[in-house]
Each structure stands twice: as C-alpha cells, then as structure tokens.
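S.K.: First to last, the protein sequences are chains C and D.
According to the numbering used here, the stretch in the first sequence is residues 97 to 289, in order.
According to the numbering used here, the stretch in the second sequence is residues 97 to 289, in order.
Treat each hint with caution, since some may be false.
To be verified - Simulated restraints, written as ranges between beta carbons of each label pair: (1) D/107 to C/114: 13 to 23 Å; (2) C/279 to D/145: 40 to 50 Å; (3) D/145 to C/242: 38 to 48 Å; (4) C/178 to D/107: 15 to 25 Å; (5) D/196 to C/194: 22 to 32 Å; (6) D/193 to C/146: 44 to 54 Å; (7) D/195 to C/154: 12 to 22 Å.
As the list claims (entries may be wrong) - Just a sample of chain D residues kept apart from chain C, beta carbon distances all over 10 Å, derived: (8) 169; (9) 241; (10) 263; (11) 283.
The set of hints was computed from the structure by calculation and includes no laboratory data.
From the three backbone atoms N, C-alpha and C, an ideal C-beta is built for every residue, glycine too.
There are 2 protein chains.
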Amino acid sequence: MKDLEERIIADGHVLPGNILLVDGFLNQGLDVELFDAMAGVWYRYFADEQITKVMTIEASGIAIAAMVAKKFSVPALFAKKYDTVNLTSDRHQSSVYSYTKEKEYTIAVSKRLLKEDDRVLIVDDFLANGCALKGLIDLVESANASVAGIGIAIEKSFQEGPELIRSRGFKLCSLAKIVSLEEGEIIFAEADA
Amino acid sequence: MKDLEERIIADGHVLPGNILLVDGFLNQGLDVELFDAMAGVWYRYFADEQITKVMTIEASGIAIAAMVAKKFSVPALFAKKYDTVNLTSDRHQSSVYSYTKEKEYTIAVSKRLLKEDDRVLIVDDFLANGCALKGLIDLVESANASVAGIGIAIEKSFQEGPELIRSRGFKLCSLAKIVSLEEGEIIFAEADA
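The following block holds chain C by itself, in its conformation from the complex:
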C-alpha cells in the first residue's frame, strides 16, 4: 500500500537492533484517516471471506481493529495480556513469548466473544517473529472458530514470522513489507495489496 510505505519513509525512525519506530502515526499517535484507508484495502482483499469478527491483541492493534471492523460492519475484539496465568475457565488462553521483554506472558479472550461459527480476521500493526500472531491463532482455534484472514500493517519480511504464517496456509495480507533496515535505510518488497 503506497500511502503506508510513504508514511513509513516520512515519519518512521530506524533504531539500532532493526527496530522501526512508527509511534507518530501507527501505534501511539494514531492516524485514523490512514487506518481507514488501510481498512478499505483489507475490506476489498477479504471481501469473499464472510468475516464475522475482527480480532487483535492489546494495545497497538486495537485502533486498527476498530476501523477495520467498522468497514466490515462486524464487532471487534481484543485479547488481553496477563503477566500471570491466574485465569478462569470462562476464557480461552494461550502463551506468548516476548523477545523484547524476554519473558512469557498469557493472552486471553472471553469465551462469550468467540463462537464456533465465527470467521475471524486477525489484524495487527507488526508481524516480525510471529509470536503474538501465533498466540492469537491459538485463541481462535481454541474456540473452534476459523481464521478467515490475517491483515498486517508492517511485515518485517527478514524475520521468521511471515514465512511461518504463510507456510501454514493462512491468507495473509501485509500492507508494507520491509526486507531490510540495514544502516538505517528502509527497503520494501512489493506488498500484498
């Protein structure tokens, strides 16, 4: 998606350790006009998938999920993160390893919010190692619901997550694919939409 790539070039900051900082418009400051345009692209891409829910994980995916859900006229929901595993039986839960925080945490969603006949579009701001996304897929599958598609704003194609997800056969639509951040230069591959 050309608008997103241009915005990343204009306002993104590359930090040491292949970190791309986009908090000015994507995951703290929220450019909702851009999100609406992104939602429109996914709406066309997943038009035939009979989406019934849009799901993400707190916190940075929530605004994107809300705008996408509005486009599809379906509810959104988000998985919550917990440091402990002291959870009740009314929630689906999964374990996620965070490389940034170097620890395991639990994600969970109320069983009332995900049903067997749900066709879920998972969305998130980033896909890198794929740990959080794998956790979200686990939650959907725990509910015997279907992952009907995955929409990612920025894919770090040089990390293992994207290949891992595609090799499992999921329909993944990344709007910006970054193949390199070496020496602070942002290099894109052709995006999915």
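Fit chain D to the known structure of chain C by using the hints.
M.R.: Quick look at chain D alone, frame taken from chain C:
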C-alpha cells in the same frame, strides 16, 4: 444516550463490589457501530471546541478514541501504562493509583505527540474514582496544551470522580450516568447527551 443505556441494561452484568461488567460490547468485545453513534453525539456536543487531538489511555479507551478522532478528522493518541518509572526525557509522564490493582503506575505520552497549541478531547470508557482521568489531564497540562473537553461512556456518579472533574471546571459529557448498582439493579440519572 438512550442506545448506550439500553445496551448496558441488555448486556451489562453487575458483580459484587459495584462492578459493572460490559466486556461484551465496550471494553473487550467492541461494538463499533455503537462507538460510531457515541462519537456522533460527542461530535455535536464539542462542535465548537476546535478539537485538534483525541486522547485516551490504554487499553479500553483506544477503540473509542479512534472512532471519535475519525469523526473530528483529527489524530488520536493514547497514553501508555508502565509498572516502572524508568522513563526517558522525551515523554510527558504522570502517576496514577489503581484501586483495582492496589498500586501506583506511571502513564506517559511522547512529547512529539502533544503540542502547546493542541486542544485535546479526552475520552474513556469509564469514570469512577477519576484517577486515570486526572493522570491524563496532568499529561495534557504538562505539554501546556488545553483540555477542550472530556467524553465518558459510563460515569459512576456515586463515586467521587465525576464531581471532582466538574468542580475543576472541565466540560464533561457522560453518555450514561449510573447513580446506583445496589442489589444488581442499574439505576441511571439523566445523561449529559
């Protein structure tokens, strides 16, 4: 706001300790059509306030803030929560006491995202003791920006927050005002809009 009150009656659950559970549509499951209607009410209520940013705190306010920002055609932003105070000088920060978790935490927002000439509409899902809202107001004032208005979905009028905020002269618009949850019965006062 009649739609919101009716939804609270239909899908809210009163738990011991005056807790109102609305995770089916407001703060985990997200009814974005309802949020869009709420955004429309606030858009009319704060029409003359020259809003330049819509601000909230992670996580449950984010989807609401995104829908409201879209209505005003301005960016949204959210304050992040931190367990520690190990923060850098490029962020405004404030301290918030959580009664539920019985501990102090830090909230912060990048200085790049709040400017002196910003007129900020603060929104959140709940207003009860007012601690989180007071923290958000602190952040806006740290940036020498203005709090142009405050939009709350559900106000617990029997707690101290609403009176505290109104007595400081802020323009507060609560869409549902609950005066009692005694014996599991939800009693509303007339809302602001």
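S.K.: Any of the earlier hints contradicted here, and which numbers?
M.R.: Structure breaks hints 1, 8.
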